[in-house]
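Engineer: Here is what each chain is made of, one letter per residue.
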Amino acid sequence: MTTEVRHVHERAAGELAALVERTFTLLDPLADACTEIVSQASADAPAPSARQLSGVDVLADRVMEQQSGLIGAGLVVAPGMLADEQRYLQWRQRRKDGSFAPLFLDVDTAGDDPYDYPEMEWFRVPAQQGRRMIGGPYFDYMGAETCTLTYAVPVVVGGAFVGIAGADLLLSWLERASLSVMRTIDAPAALVNHERRVVTDNTPVLATGERIDVARMEHAHRYPVIEDLGWQLVVLQA
Amino acid sequence: MSNESALARSTVLAPLGRGGRAEEVVQRISESISLGLLVDGEQLPSETDLSAMLGVSTVTLREALASLRQQGLIETRRGRNGGSFVRSAAGPTKAALERRLAAFTVSQLRDAGDELTAISGAAARLASSRASNDSIRRLSVLAQRLLTANGAAQRARTDSRFHIEVAVAATSERLTRHEAALQAELGSLLWWPDSTDLQVEQAVAEHVAIAQAIHREDAALARDLAQQHVNGNTQRLIERRIRLGER
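Protein chains in written order, with the working numbering: chain A, 20 to 257; chain B, 203 to 449.
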């Protein structure tokens with residue numbers, strides 16, 4: 020591979036990183052607000068109530084206003100964190116008419132099919148490892164009900180994990196937004212997540228969600244995109 | 203909705219007296235369920251509409267719905283296509299299921315089965331190259347869940363849920379919607395009050411085999427197993443339909 024070609028790949032990886040990272044920066048105000056609410060609550064009461072989190076709705080709406088591909092944003096609380104709800108989401112969604120509305124999910128474990136968020140990777144990884152995460156690409160059944168990436172940053176107060184500030188990004192939005200970058204690469208290429216599953220690509224031979232096997236990865240050129248997440252740009256041999 | 207049940211509902215959901223309290227809402231709805239005016243699986247109107255119909259505030263209504271949920275009389279599925287659904291403990295009666303099954307002719311069942319075979323087979327094939335680790339874990343849990351499901355209605359829901367999850371694992375929006383629609387139509391006819399534990403065990407064994415083939419990334423096997431499973435189910439439905447005779 021020529022140096023010139025390598026530069027094209029590296030530039031593409033850099034631009035993809037900027038695109039993916041931008042959504043994380045939007046989450047900071049949400050995470051800060053959550054930290055503040057939990058810190059204040061601990062001064063006079065041991066745990067905040069669900070109602071105390073409702074003030075972040077306006078911030079969640081603002082997150083979505085800043086990126087048209089965002090269809091959901093809010094807080095997802097660590098089980099047992101709140102005084103009045105065992106599991107809880109303070110989540111807003113963008114409706115089809117463009118307005119914002121609360122999203123209620125059935126998180127009650129007594130039901131036979133709850134939205135079992137503590138088991139979901141975008142919650143589990145921040146909760147157990149204290150690091151940020153992007154879940155997916157996945158079809159968010161009973162949640163966003165579309166193919167989605169779920170961004171999540173852990174909120175930690177006084178050393179304890181209290182939940183995540185997160186947002187749902189439409190996969191179709193990222194695909195459109197990254198197409199011009201992906202097209203600069205003159206070989207079959209894909210942005211893959213930590214499971215080697217395709218997030219977006221520039222070739223008809225790959226599909227969203229498809230796992231690129233280890234052998235194929237070894238023969239490909241690989242460039243880090245978001246190192247802490249394990250996301251890479253993979254350029255397959257043409 | 204038929205006119206008859208529309209009428210039943212307009213009575214069930216007529217406004218309560220002034221200052222309707224949560225307990226009155228709970229009583230009205232739970233009575234309607236026990237009388238069969240609201241049937242298992244029926245979706246209640248949205249919170250806004252329902253509170254307007256009953257003439258209570260949304261706060262009161264939510265309190266009532268929470269209580270009904272706690273009693274297991276309704277189930278609230280959230281998300282964009284969610285809502286509150288009636289959960290009759292007794293589940294659908296044999297007569298109700300027979301009425302629904304009799305609405306199909308044998309060839310219509312076969313046709314619907316063919317469609318489900320195509321969708322489920324494609325979903326299982328794609329899932330074996332696209333399933334995330336999260337999906338694989340969930341599939342193996344859902345594959346077994348039928349063992350602990352009680353009654354025809356819960357068995358039907360649990361069975362359907364596994365098949366929808368296969369389409370979810372395929373990361374396909376269209377296949378998932380299609381699978382969910384077909385499961386709502388056919389899946390609810392698969393489990394009957396007289397279904398045996400042996401049938402449950404067989405279904406679970408087949409689900410587990412499909413989940414394992416997906417996990418092992420064996421696309422052809424996953425597709426074949428999913429198709430055989432659907433074919434077997436369709437045959438059971440057709441046999442039952444034939445036994446019902448000319449209705």
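Worth flagging that the hints you see were computed from the coordinates, not collected in a lab. It should be emphasised that the depicted structure is a prediction, and the values quoted were computed from it without experimental measurement. One thing to keep in mind: the hints can contain errors.
Claimed, not checked - Here are the in silico distance ranges between beta carbons for each label pair:
#1 Pro-98/A with Glu-233/B: 47 to 53 Å
#2 Leu-400/B with Gly-149/A: 45 to 51 Å
#3 Thr-350/B with Gln-59/A: 28 to 34 Å
Claimed, not checked - The list that follows gives simulated cross-link-like pairs (lysine to any residue, SDA-like), each with its CA atoms no further than 25 Å apart:
#4 Lys-115/A with Thr-250/B
#5 Lys-115/A with Gly-284/B
#6 Lys-115/A with Leu-252/B
#7 Lys-115/A with Ala-382/B
#8 Lys-115/A with Gly-285/B
#9 Lys-115/A with Ala-254/B
#10 Lys-115/A with Leu-439/B
#11 Lys-115/A with Glu-375/B
#12 Lys-115/A with Ala-351/B
#13 Lys-115/A with Glu-233/B
#14 Lys-115/A with Arg-379/B
#15 Lys-115/A with Ser-87/A
Note that the Cβ used here is the ideal one computed from N, Cα and C, for glycine as well.
Engineer: With the threshold set at 25 Å, check whether the alpha-carbon distance from Lys-115/A to Leu-252/B stays at or below it.
Structural biologist: holds, 22 Å
Engineer: Take a quick look at whether Lys-115/A and Ser-87/A sit within 25 Å of each other, Cα to Cα.
Structural biologist: Roughly 12 Å separates the two Cα atoms, so the pair holds.
Engineer: Given the hinted pair Lys-115/A and Ala-382/B, is their Cα-Cα distance within 25 Å?
Structural biologist: Status holds; Cα separation ~21 Å.
Engineer: Holds or violated: 45 to 51 Å for the Cβ distance of Leu-400/B and Gly-149/A?
Structural biologist: Given a distance of about 48 Å, which is inside 45 to 51 Å, the answer is holds.
Engineer: Within a Cα-Cα threshold of 25 Å, do Lys-115/A and Ala-254/B meet the stated pairing?
Structural biologist: holds, 24 Å
Engineer: Would the pair Lys-115/A and Glu-233/B pass a check requiring their Cα atoms to be no farther apart than 25 Å?
Structural biologist: violated, 36 Å
Engineer: Quickly compare the C-alpha distance for Lys-115/A and Gly-284/B to 25 Å and report which way the hint goes.
Structural biologist: holds, 15 Å
Engineer: For the pair supplied as a hint, Lys-115/A and Thr-250/B, is the alpha-carbon distance within the 25 Å limit?
Structural biologist: This hinted pair holds, its Cα atoms lying about 18 Å apart.
Engineer: Given the hint that Lys-115/A pairs with Gly-285/B, does the C-alpha gap stay at or below 25 Å?
Structural biologist: Since the Cα atoms of Lys-115/A and Gly-285/B sit roughly 17 Å apart, the hinted pair holds (cutoff 25 Å).
Engineer: Note whether the CB distance of Pro-98/A and Glu-233/B lies within 47 to 53 Å or breaks it.
Structural biologist: Violated, since Pro-98/A and Glu-233/B (Cβ atoms, about 35 Å apart) do not stay within the stated range.
Engineer: Hinted pair, alpha-carbon criterion (25 Å max): Lys-115/A, Arg-379/B. Please report holds or violated.
Structural biologist: This hinted pair holds, its Cα atoms lying about 17 Å apart.
Engineer: Just to be careful, I want the Cα atoms of Lys-115/A and Glu-375/B compared with a cutoff of 25 Å; is the pair within it?
Structural biologist: holds, 16 Å
In the structure shown, a violation is registered for the earlier hints numbered 1, 3, 10, 12, 13, in ascending order.
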